[in-house]
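Listed below, chain by chain, are the residues.
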Amino acid sequence: MSTETVNPVTGKIDEQALVTKANRQDLRFAIIGFVVLVVVMATLFALVLDFMIDGVPRISGEFLTNYPSRRPEQAGILSAWVGTTLVMSATAMLAIPIGVAAGVYLEEYAPKNWLTDIIEINVTNLAGVPSIIYGLLALGLFVQIFRLGQTILVAGMTLALLILPIIIVATREALRSIPLETREAAFGLGADKWQAVWMYLLPAGRPGILTGVIVGMSRAIGETAPIITIGALTFIAFLPPAPLQDTFPFVNFDWLNSPYTVMPIQMFNWISRPQAGFHVAAAATGVILLSMTLLMNGLAIYIRYRIRRSSR
Amino acid sequence: MTTAELSGVSERRANYGRLVASEAFLRRRAITGNVIGVLLFLAAALSVLITAGIVFVLLQESILFFRQVSILDFLTDTEWTPVFENPRFGIITLVSGTLMTTLIGLAVAVPAGTILSIYLSEFARHRTREIIKPILELLAGVPTVAFGYFALFFLTPIFQTFIPNLSGFNLLVPGIVIGIMILPYIVSVAEDAMRAVPDSLREGAFALGFTRYQTAVRVVIPGAFSGVTAAYLLGMSRAVGETMVVAIAAGQQAKIALNPLEGAATITAYIVQISLGDLPHNSLAYLTIFVAGLTLFLMTLVFNLIAFWLRKKYREIY
Numbered sequence: 001m002s003t004e005t006v007n008p009v010t011g012k013i014d015e016q017a018l019v020t021k022a023n024r025q026d027l028r029f030a031i032i033g034f035v036v037l038v039v040v041m042a043t044l045f046a047l048v049l050d051f052m053i054d055g056v057p058r059i060s061g062e063f064l065t066n067y068p069s070r071r072p073e074q075a076g077i078l079s080a081w082v083g084t085t086l087v088m089s090a091t092a093m094l095a096i097p098i099g100v101a102a103g104v105y106l107e108e109y110a111p112k113n114w115l116t117d118i119i120e121i122n123v124t125n126l127a128g129v130p131s132i133i134y135g136l137l138a139l140g141l142f143v144q145i146f147r148l149g150q151t152i153l154v155a156g157m158t159l160a161l162l163i164l165p166i167i168i169v170a171t172r173e174a175l176r177s178i179p180l181e182t183r184e185a186a187f188g189l190g191a192d193k194w195q196a197v198w199m200y201l202l203p204a205g206r207p208g209i210l211t212g213v214i215v216g217m218s219r220a221i222g223e224t225a226p227i228i229t230i231g232a233l234t235f236i237a238f239l240p241p242a243p244l245q246d247t248f249p250f251v252n253f254d255w256l257n258s259p260y261t262v263m264p265i266q267m268f269n270w271i272s273r274p275q276a277g278f279h280v281a282a283a284a285t286g287v288i289l290l291s292m293t294l295l296m297n298g299l300a301i302y303i304r305y306r307i308r309r310s311s312r
Numbered sequence: 313m314t315t316a317e318l319s320g321v322s323e324r325r326a327n328y329g330r331l332v333a334s335e336a337f338l339r340r341r342a343i344t345g346n347v348i349g350v351l352l353f354l355a356a357a358l359s360v361l362i363t364a365g366i367v368f369v370l371l372q373e374s375i376l377f378f379r380q381v382s383i384l385d386f387l388t389d390t391e392w393t394p395v396f397e398n399p400r401f402g403i404i405t406l407v408s409g410t411l412m413t414t415l416i417g418l419a420v421a422v423p424a425g426t427i428l429s430i431y432l433s434e435f436a437r438h439r440t441r442e443i444i445k446p447i448l449e450l451l452a453g454v455p456t457v458a459f460g461y462f463a464l465f466f467l468t469p470i471f472q473t474f475i476p477n478l479s480g481f482n483l484l485v486p487g488i489v490i491g492i493m494i495l496p497y498i499v500s501v502a503e504d505a506m507r508a509v510p511d512s513l514r515e516g517a518f519a520l521g522f523t524r525y526q527t528a529v530r531v532v533i534p535g536a537f538s539g540v541t542a543a544y545l546l547g548m549s550r551a552v553g554e555t556m557v558v559a560i561a562a563g564q565q566a567k568i569a570l571n572p573l574e575g576a577a578t579i580t581a582y583i584v585q586i587s588l589g590d591l592p593h594n595s596l597a598y599l600t601i602f603v604a605g606l607t608l609f610l611m612t613l614v615f616n617l618i619a620f621w622l623r624k625k626y627r628e629i630y
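If you're matching them up, the sequences are chains A and B in order. For the first sequence, the positions run 1 to 312 when my numbering is used. For the second sequence, the positions run 313 to 630 when my numbering is used.
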């Protein structure tokens, strides 16, 4: 207790001063907290605004339909956004089924034993492994040992591994929030475990799982480091083979084996060039990338908000 | 009920059983169920394979490297020049760059994150929290390459106006940006831990005449201590592994980083630099990216495991 709260005349504790002091301290912290909050918000705002000012004037139809070029004012991101779309398709096809399956196993099937414990610790740890390490894994395994080359398939697999923990955790949380009665009702109707999962639990958990999938995919869209280590090319002036064709069997998976570039790689490449014109192109790519990731995250937040409202 | 009626019931039940679940149906369903159980297990087990794959790849290449370079040199040499004629491999250089950006990041994120989580969990009204938390999630969703652009072309020129001897590539600005990036993670985990402290403890403190601030500092933080520490560690692990911001804005010169106003390579920036080059895949210089990766993996593994254990601990308390 400091001396200022002791009445100098009577030598007694001045309760009023003590309370005033504590309240003042409380208010001071509330103000500091609010200021920190404002600074953080301002930073996010400045980042978005910086990209808007630098990049938006550069975006045009040609920017989306041109290949990269040596001349900054003609450079476009056609191969990059097509590459991003295809890599994301490959990632989604791998990560969603595997991630949801693993989440279902851990939440509904897994017995309580050491193996389950290991898998759980492992998933938690994988979520914290830096993305560039996944790039090194893919470089050592997919590129050097399996000799799959620098293709869309390898990029898709790498990013799928990277976002697997996000989807697993989201699936588990979605299933955990479903009341036990749903399971009992399904079993009471004669369903076995898988029927209960497939017909009742997965549909009931769909919004939560979807949230995890969206957050994971938005993470994958912006990932740059692992794609660099597996060796994405930065100058691609052609498109991978189209996934649809007009002859039987109408779909074509040759694109999986095609070289590619993606938007974050294209952006990074332009940032590293000395000409200011390329920096503008990088900012324009950043605007598109930012809008996509912010929209996806916003959608995920909205779905989560709806879940909470409906469960109330 | 007469005996005849009873037998009628059991007969009906038997018929019913045949209609709904014949022997063959039950057998088929059991087989499907088992197959699916195995498939689900394999999906979950894949995560263990990923970790095993990471350890295998990093160790295998690192062993090749350490056949040619002694571990002692690797740990004690003060220069990192893998592509020179007389290559030297002192990992301290890269580690010092990584530690410098991480420490700067933590210097931003730990105070700001702690204040923000206390504010959100103890001070802010429900409505405010409902607005702020999604915005923090949006911040966490910004691609790292965008943060790199922001650090190099927006923040560095601004900082140069009041720190005149700040280089174009430096460790200070990327460090601060890393701090902003890890802030949402720290707040999310720390606030989670603070909210897990039961309200009865808060009510007890209020009844004793504590203010919100006194409650936060003397009751909530001690109660959530392990969780808050875990939040710092998780943030630290992210800061160590952060790649694009430093690859873009921190420079590529490998040297012992003492001055945050100058640029220096970090472990991650070095891996990016070599990956972009065209070194032959079997050269000694190329192996260094796996050794650097192993160093990085071990650093983050330690932080992650301690954080995992701490979070488990606070979950058990309440």
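It should be emphasised that the hints constitute simulated quantities derived from the structure, not laboratory data. These numbers were taken from a predicted model, which means no experiment stands behind them. One or more hints might be untrue.
[Stated by the list, open to error] For lysine-lysine, the following PhoX-like pairs were computed, each having C-alpha atoms within a straight-line distance of at most 25 Å:
| hint | chain 1 | residue 1 | chain 2 | residue 2 |
| --- | --- | --- | --- | --- |
| 1 | A | Lys112 | B | Lys625 |
| 2 | A | Lys112 | B | Lys624 |
| 3 | A | Lys112 | A | Lys12 |
| 4 | B | Lys445 | B | Lys567 |
[To be verified] Which residues of chain A face chain B? A partial, calculated answer using Cβ under 10 Å:
| hint | residue |
| --- | --- |
| 5 | Gly11 |
| 6 | Ile13 |
| 7 | Gln16 |
| 8 | Ala22 |
| 9 | Asp54 |
| 10 | Val56 |
| 11 | Pro57 |
| 12 | Ile59 |
| 13 | Val104 |
| 14 | Pro130 |
| 15 | Ile221 |
| 16 | Ile230 |
| 17 | Phe268 |
| 18 | Leu289 |
Even for Gly, the Cβ is constructed at its ideal location relative to N, Cα and C.
Is the interface hint for Leu289(A) satisfied, with its Cβ closer than 10 Å to some Cβ of chain B? Check passed: Cβ of Leu289(A) comes within 6 Å of chain B, closer than 10 Å.
Under the criterion of a CB-CB separation shorter than 10 Å, is Val104(A) in contact with chain B as hinted? holds, 6 Å
Given Asp54(A) as an interface hint, is the shortest Cβ-Cβ distance to chain B below 10 Å? holds, 7 Å
Holds or violated: Lys445(B) with Lys567(B), Cα cutoff 25 Å? Violated, because 39 Å separates the two Cα atoms, which is more than 25 Å.
Quickly compare the C-alpha distance for Lys112(A) and Lys624(B) to 25 Å and report which way the hint goes. Between Lys112(A) and Lys624(B) the Cα gap is close to 17 Å, so the pair holds against 25 Å.
Given the hinted pair Lys112(A) and Lys625(B), is their alpha-carbon gap at most 25 Å? holds, 19 Å
Tell me if the interface restraint on Ile230(A) is satisfied: Cβ within less than 10 Å of some Cβ in chain B. Interface hint status for Ile230(A): holds (8 Å vs cutoff 10 Å).
With 10 Å as the cut and Cβ atoms as the points, is Ala22(A) at the interface with chain B? At about 5 Å, which falls below the 10 Å cut-off, the nearest Cβ of chain B leaves the hint on Ala22(A) intact, so it holds.
Is the shortest C-beta separation between Phe268(A) and chain B less than 10 Å? holds, 5 Å
Straight-line alpha-carbon gap Lys112(A) to Lys12(A), limit 25 Å: Cα-Cα ~61 Å, so violated.
Minimum Cβ distance from Gly11(A) to chain B below 10 Å? With Cβ-Cβ at 22 Å, over 10 Å, it is violated.
If you take the shortest Cβ to Cβ gap from Pro130(A) to chain B, is it below 10 Å? holds, 2 Å
When held up to the earlier numbered hints, the structure conflicts with 3, 4, 5, 6, 7, 10, 11, 12 and fits the remainder.
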